Amino acid sequence: MSKIQTIEQLNELSNNVKSLLSIREQGEKSDDKTKADIKAIANGSKEKINILICGGTGCKSSESDKIVENFRNKISELGIQEEVKVLKTGCFGFCEKGPIVKVLPDNTFYVMVTPEDTDEIVNTHIVGGNKVDRLLYKNTETNESISDSKHMDFYKKQMRIALRNCGVIDPNNVNEYIAREGYKALATCITSMDSQQVINLMKESGLRGRGGGGFPTGLKWEIASKNNADQKYVVCNADEGDPGAFMDRSILEGDPHSIVEAMAICGYAIGASMGRVYIRAEYPLAIKRLEKAILDAREIGLLGDNILGTNFAFDIEITFGAGAFVCGEETALIHSMEGERGEPTMKPPFPAEKGFWGKPTNVNNVETFANIPVIILNGAKWYKAIGTERSAGTKVFALAGKVNNVGLVEVPMGTTLREVIFDIGGGIKNGKKFKAVQTGGPSGGCLTEKDLDTPIDFDNLIAKGSMMGSGGMIVMDEDNCMPAVAKFYLEFTQEESCGKCTPCRIGTTRLREILSMICDGKGTMEHLDELKRLSGVIKDTALCGLGQTAPNPVLSTLDAFYDEYLAHVVDKKCPSAQCQKLLEYVIIPDNCKGCTLCARQCPVNAISGSVKEAHVIDKLKCIKCGACIDKCKFKAIIKR
Amino acid sequence: MSNINLTIDGKKVEVLQGSMILDAAKQVGVDIPTLCYLNLHDTKMKNQSASCRVCVVEVEGRRNLAPACATPVTEGMVVKTSTMRVLEARKTNVELLITDHPNECLTCNKSGKCELQDVARKVGVNNISITSNSMSTYPIKVTKTIVRDMNKCIMCRRCEVMCNTVQSVGALSGINRGFDAYVGPAFDESLEDTVCTHCGQCIAVCPVGALSEKDDTGKVIRALADPEKTVVFQTAPATRVAIGEEFGLAPGTIATGKMVSAIKQLGADYVFDTDFSADLTIMEEGTELIGRVTKFLNGEKASLPIMTSCCPGWVNFFETQFKGMSDLPSSCRSPQQMFGAVAKNYFAEKLDIPREKMVVVSIMPCIAKKYEADREEFKVNGNPDVDIVLSTRELAQLIKIANIKFNELDESKFDAPIGFGTSAGVIFGVTGGVLEAALRTVYEELEAKPLEKLEFETVRGLDGVKLASLTIGGIAINTAIVHGLSNARQIVEEIQSGNPRDLHVVEIMACPGGCVGGGGQPLHHGNIDIIKARTAAIYNIDDTSADRQSHKNPFIDTLYKEYYEKPNSHKAHEQLHTTYSEREKY
Amino acid sequence: MEELSQEKFQELGQFIDSLPSKKGELIRVLHKAQEIFGYLPKEVQYFVGRKLGVSTAKVYGVVTFYSYFTMSPKGKNHISVCLGTACYVRGAEPVLDEFRKILNIQGTETTPDGKFSLCSLRCIGACGLAPVVTVGEKVYGRVTKEMVAGILAEYK
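Protein chains in written order, with the numbering used here: chain A, 1 to 640; chain B, 1 to 586; chain C, 1 to 156.
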């Protein structure tokens, strides 16, 4: 590849490589194409068909690599590799139905494909021109096949800005990114805008940081730009530690160049020539793709000195995290980048004044960066018009838990929780009842039925006692015990506490202990007051965001599910039958056939009864191991 | 820098920009309780980790509470330091600390001097209202110098800052995270297997009983009770200006006479003065210095600069941190060890007792002296020259155990013959003192005329690195005076890189301020004025002394005549000098 | 010990020497060291500290801070049970307990025969497959308690 030295050369390349995507872009465009339309598209290009396979971590886990291999083998076996291109892309988002295979230009979306299915797809669809119906997505109510993802409930309400290239382009091919207007935003900035204009544009767009706090991005850049220094740094926080959130990973896997471009834009705006990506070592695929993107960008001159013939120089290095949630906090992240223990320090000084190696440093997270090139290209007004008054744009959520359609979802700010969970997410799994949704990960809180129609934005979630966080959205049903969920989160924050400040180090431990006692039936009413009081002090005095928000899961569940806490504390019952120590195993006499299997299985001889007569469990002897339930063929044993 | 106006508890105050709320509050007489914070002004010791969250205050317009120690003031800030919210938060955080702190105050070394205890009283903790089911537990690690009981650690991180930043030793680090976090050496090894210099500064700043000195008072009691043993004491210069603090006397009180009386009342057979062997050190080291400089002037290869070797913390630091320069430090043993050698050889002979029947007890401002006394090279057939080392704090403890009313004691004098020291020996107790004492002798040696003004002001003061160039006997001598080991590191690395300043003599003391600020001294609790008062007292002794030059000590003269012949003689080399080796440690 | 061979130290030493600057590179070097040795025993930490001019205490402090670093060798087959929230609400805990029960180990450790080691981790981002278990490179999705014995049998 030769170096691109001017904006004209970039435009030229962009035009030249447009054809790479023509099948895909045209295929996506119009609805319900007739066979004739498709032929027309195919005629206009050398390639006739694109087969896209999701190469994200989720689908890779289900052997999507093998699917790619099988497709390639079959295609070359048939000698049609010139016309049929097989591509591994980033995440399509619909992880629940993965591995996903998309065929273009007729826009067919196959779900839950196995490596054994590839021959059939090639024979029936690619060669025969007929869709493989059994692999198509089925409408949950009507069971009708839907072949175009646009018509699936999961995608209908989505608006993909940060995820715009995920599942569309080959992340390992910089030309495909360039064909999608890639690096045009950077070119525009460095050739026709000064740094203040870039900052102003970011400020006007209303973009707020997607990492958790929602700090206005333009303002952050402005502060860093105003602090003079011989060196400044742009840092991309890719240490996605929120358990249950994976949008940053998906963006890096599916569209790494958007991050490279955005970091360079930020470098231009604040006056930095060095960028660093701090990424979880647990994300090998994202690391690989990002490394390649950086190398390619360097090779064609979009990173390095004199970018596009200007004086602007910028380059990016990668630093690995090593498994510490607290390193998502800016100051901790910077200490970790310096090879230290990732302990947060007091702000001020803010990183924008004294950050990496004491130099002004701007830290944004992956999703924030992913939005930036499009904002530059489409303008601040365009972006500001999306979303709500105070939270512009879209937000990616990792929808997971007891919901039918697990996956990555990008919706405009202001979409309600109900739309996300029920329309996009397809409601609760196995027809169970919705109980709560947890947003913001360990820092967030649980929202309930009454909050479902709240439009999602930064401020509304905080007002409801939760927060946006990085966008984890975990749905819970009637089987989830809320004190146990609070305990789960406190176990997490307590394990991930750096141990520096008293309220977090000891306070979260005490919260966890009290929650354990409650779940074990040893809780008292005083404990409930204590939880509240202690949570208040931790929120008020912990050193960093991790500690300050650690009590949120406790406070929000106490608030919304006080009855459930009371049941544990006063009645010593777990209404969701989750807390082992509060369970009671009972044999329903009508169902029991007296087969004696359970009695033989019981390790403590707590079950008695004669053959062919209903058995009984001695509550005092029962150790609640659950062995009897597993063995009973007649569903005669229940726990309650 | 401009000034900032703010309001604290309704009082208006104007402070320098960059000040913290804590400082501003002090200006209007508001004492906000602190725990982890420590600021030894004029040294590098400043702990501002803002980790204990005890000093939190309410700042108008701020969502959460702010730690006063680490929150800079801003224009128009309105601070409230004692609202219900603040008081509740402070008390809760102290209670939380106590839920993870063993309830062992009755048997704790730091009881009565414990800052956690103080703050608990101050914020009104009368019971623990927080449910707790666990404590972090660690094995108690005992070495011959330092006892580490991490069960009591409150993660203030002062010791870590002291060890790594102020001393640049690097023996300690935060270990683990979350509830299991504590401060300790690599792999939780014994400190003796690490680069620890045993300077004891970690103990000096530890607010609780997590770090303390190994208690050797029992050994002394047993020795004193043994009729077979002749117990000989020596007291280091810096102890006499500090021990009074343990009995409520003002910092800087000179308590030499009372201390001698107390030791005699304890039952010591002889109470001598390390000042005496400090004078002896000057004779030996001065001669060595003149020898090396003369060699250098004659164009021969000379080991320069000569570095002082009285400070055992520094010697440990040198041996574990630097390679290929073990010829540089003076070969002189420290005054403690010279005393031990003189006592167990010269004096034992005089008393006509075998060395095994003599027990030499040192009273030192130092923890590393315990380590030094135990070195193999300072033992003869397994019998050490110095048997037991007590810190100033331990001597005070012993006096209290013996029910001696220290403040009511009459003043006694040291015993003869090795109890007389000049005040050149006394100033060994402050940074710059060894060099100044040496100059007072070397000058007269080289110039062959009396020195008019004995005070060398340029070598005095609390600057971490002081440089002074003097011309003596036509020779230009460049000196550096360093205290605090990070300053030492800076100078030694400079020397390693080619000695660009052409230094000839370097005095190094491990502890900030020199021995007056030693790791074995009464706790200063972060008040640098205490160390300054002790320093002033040392100079006060010197100013009012009639004998201020080591070579004019008549007993030193006698010692050479009767025993060692002359400085750097063969016998002196055998008993009063040593060698250094490089040590690889964690 | 064979594992701590001179060649491995040499490889690590060369990596450290190849760094343009040693400043701030402790974590990068520890990653490399763990890649080479499989874990970070005392000897390796001491070596890294000396080579980088960082105190051994600090190396140990960093190693014990980050959960990615381990001081004990992993088993031949390393099992990770995801305890991210998505997996947790879909029943990952009973799965972890079942592994412990069958392998007869308490927390996260290696079996005495060195065959298996077990750990829990927080979210590998395959939430669609929750609960997720990985053995080495292989990913198992929608794991139930009942599947555990079968998974282990594949590696016996």
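Keep in mind the hints are simulated off the structure, nothing from the lab. Quick caveat, the model's predicted, so the values are computed rather than measured. A hint or two may mislead.
What the hints assert, rightly or not - Distance windows between CB atoms, simulated: (1) A:Gln196 / B:Asp42: 39 to 47 angstroms; (2) A:Asp630 / C:Val135: 37 to 45 angstroms; (3) C:Val135 / B:Ser111: 48 to 56 angstroms; (4) A:Leu377 / B:Asp42: 53 to 61 angstroms; (5) A:Leu377 / C:Glu7: 49 to 57 angstroms; (6) A:Gln231 / B:Ser486: 24 to 32 angstroms; (7) A:Ser76 / C:Gly150: 42 to 50 angstroms; (8) A:Lys150 / B:Ser132: 50 to 58 angstroms; (9) A:Leu377 / B:Val465: 31 to 39 angstroms; (10) B:Asp529 / A:Thr524: 45 to 53 angstroms; (11) A:Ile223 / B:Ser486: 46 to 54 angstroms; (12) A:Asn73 / C:Gly150: 53 to 61 angstroms; (13) B:Ser111 / A:Lys226: 47 to 55 angstroms; (14) A:Gln196 / B:Ser132: 34 to 42 angstroms.
What the hints assert, rightly or not - For lysine-lysine, the following DSSO-like pairs were computed, each having C-alpha atoms within a straight-line distance of at most 27 angstroms: (15) C:Lys22 / B:Lys323; (16) B:Lys585 / A:Lys354; (17) B:Lys585 / C:Lys32; (18) A:Lys347 / B:Lys323; (19) B:Lys122 / A:Lys532; (20) A:Lys97 / C:Lys138; (21) A:Lys29 / A:Lys3; (22) A:Lys639 / C:Lys145.
From the three backbone atoms N, C-alpha and C, an ideal C-beta is built for every residue, glycine too.
Query raised in the report: For which of the previously enumerated hints does the structure constitute a violation, in increasing order of number?
Result: As far as the earlier hints go, 2, 7, 9, 11, 12, 14, 16, 18, 21 are violated by this structure, in ascending order.
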